[in-house]
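Position in the sequence shown counted from 1, then plus 268, gives you the numbering used here.
Think of the hints as simulated: they come from the structure by calculation, not from any bench.
Bear in mind the structure is a predicted one, so any value in this text is a computation, not a measurement.
Hints may contain errors.
Pairwise CB distance ranges, derived in the manner of DEER restraints [stated by the list, open to error]:
#1 Arg384 - Asp519: 37 to 43 Å
#2 Ser467 - Glu371: 39 to 45 Å
#3 Glu371 - Ser459: 28 to 34 Å
#4 Arg429 - Asp488: 20 to 26 Å
Just so it is clear, CB atoms sit at the ideal spot from N, CA and C, and this is done for glycine as well.
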Amino acid sequence: MDRSIGHKVERINKSDGESNLGHGINKGIEDRHECGAGEVLIFVWKGSSAVYLRAEGVSVLIDPSSLFTIDEINDLGGLDIVLFTHEHSDHFDIASLNSMIDEFNPRVVGNPGAYRIARRSSDIIRIKDGEMLEFEGIRIHALRSVHPGHHPVVLLLEMGRVSIFHGDSTGFSKSFSAFSPVNLAFIPVGSPSPNSSPSEAVRIARAVVPGVAVPIHGDDNERSEFIRKIELSNLNIKTLLPEIGEIVTLDL
């Protein structure tokens, strides 16, 4: 698998209190296609483990809690799929999910804990350790997360030619090597998870072998410490340290 990815980070600009998220994203994609460039992947991290992804014409939101507003999602280009690794409040918020369903009617996929809550008000699909789902041209694989909760999971997404690992709030597990190698990995590095830390995150990186690693679910010191540890290791892994709300464009 070719794991080489070029990247560009753009700061989200706001004027008069309105977000300009989607305008830059859409224009950038159009320009690249006009130039004959390959596909691109866009992501925005909004704190905790909340990540918005857009590739192959499909938009995916992972563990949003209440960190993304409807206006922001609209500006980013809408929403096709929402994924939940587990039901803790910094990952899952039922009121926010219901608002997304009303606005976008996305497919909703969650671990057994999120499923148990959301099934009362949505057509959520349950995903468990070892399972794979496929729709909208996306394959979603799950493995058990090392974290408290009702059967939490980590996820592997296959979006066209790119593979993406999302590590929930997990600590290290040898089982994660089943997903390797990946193009992009969102790896939890610390607080408030009792399981993750910069050292555990490096072990996860060794297991999933990402081309690019992005630290999530940790404070600024923990995220920077992860970057430092990766740089001191013998791992051939690029790292990105986006600020909350920045648009990151990856050339596939």
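Verdict for serine 467, glutamate 371 (Cβ pair) under range 39 to 45 Å: holds (40 Å)
CB-CB spacing for aspartate 519 and arginine 384 relative to the 37 to 43 Å hint: holds (40 Å)
Assessment of proposed distance window 28 to 34 Å (beta carbons of glutamate 371, serine 459): holds (31 Å)
Whether the CB-CB distance between arginine 429 and aspartate 488 falls inside 20 to 26 Å: This hint is violated: roughly 33 Å between Cβ atoms.
Violated hint for the displayed structure: number 4, the only one.
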